[in-house]
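Participant: Chain by chain, the residues run as shown.
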Amino acid sequence: NAGVTQTPKFRVLKTGQSMTLLCAQDMNHEYMYWYRQDPGMGLRLIHYSVGEGTTAKGEVPDGYNVSRLKKQNFLLGLESAAPSQTSVYFCASTTGSGYEQYFGPGTRLTVT
Amino acid sequence: GDSVTQMEGPVTLSEEAFLTINCTYTATGYPSLFWYVQYPGEGLQLLLKATKADDKGSNKGFEATYRKETTSFHLEKGSVQVSDSAVYFCALYTGGFKTIFGAGTRLFVKA
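Protein chains in written order, with the working numbering: chain A, 16 to 127; chain B, 61 to 171.
Careful: at least some of the hints might be erroneous.
As the list claims (entries may be wrong) - The list that follows gives simulated cross-link-like pairs (lysine-lysine, DSBU-like), each with its CA atoms no further than 30 angstroms apart:
id	chain 1	residue 1	chain 2	residue 2
1	A	85	B	120
2	B	128	B	158
3	B	158	A	86
4	B	158	B	116
5	B	116	B	170
6	A	72	B	112
7	A	72	A	24
8	A	72	B	158
9	B	112	B	137
10	B	112	B	128
11	A	24	B	120
12	A	86	A	24
13	B	158	B	120
14	A	72	A	86
15	B	112	A	24
16	B	112	B	170
17	B	116	B	137
Stated by the list, open to error - Which stretches of chain B does chain A cover? Using the computed rule of at least three CB atoms under 8 angstroms from a CB of chain A, they are:
id	segment
18	71 to 84
19	126 to 137
For the record, the hints were derived by calculation from the structure and aren't laboratory data. Please read all numbers here as calculations on a predicted model, not as lab measurements. For glycine and all other residues, C-beta sits at the position ideal for the given N, C-alpha and C.
With these hints in hand, go ahead and build the complete structure from the sequences.
Facilitator: This is the structure in structure tokens:
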């Protein structure tokens, strides 16, 4: 039982490049989330999904897209990376609203 | 809107010292409250939670009491260890699909 895994762990992009971050969970959770963590700002919600085939915007969705084609996977895409997207990205999943969230180990992204 | 405010860090303590990390919240309704911990290089993990007023959450020697009258959920531990060095996040859930996290408080414990 791996819990929540994230790929890759580290990545450096040049401005304008694109990439996809992959999150996978093996706990059969319905809800999945993407956060970014920046110094002094805690966790900010980018997008979330309440089930396979559904996605919704969080508080900082601009510049990101997501897809949830399979229940266990939640992908975060950056179409044209900007230096402001340099951050640590965390994926999380949970059985339902208000329950404990299980977090992946994070992806550290640097955009130069 | 709903929000969480934590004391700014870093907090630096010697081993066996008493720890308090303050957390206050603003929320409509009756939120559930959480403390998460993030060890270096890892994701967050749940430390403890409380779902109604006067509940006390506890785990690994840490405690926090849900105080509705002061809208607070302060984290305490009687004797910290070097292994407690981490970032601690207070969080609240008031309904809908989102949990709101505080900015985090970094704790350093010296041997």
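Participant: Kindly indicate which numbered hints from before are broken by the structure, ordering the numbers from low to high.
Facilitator: 1, 15, 16, 18, 19
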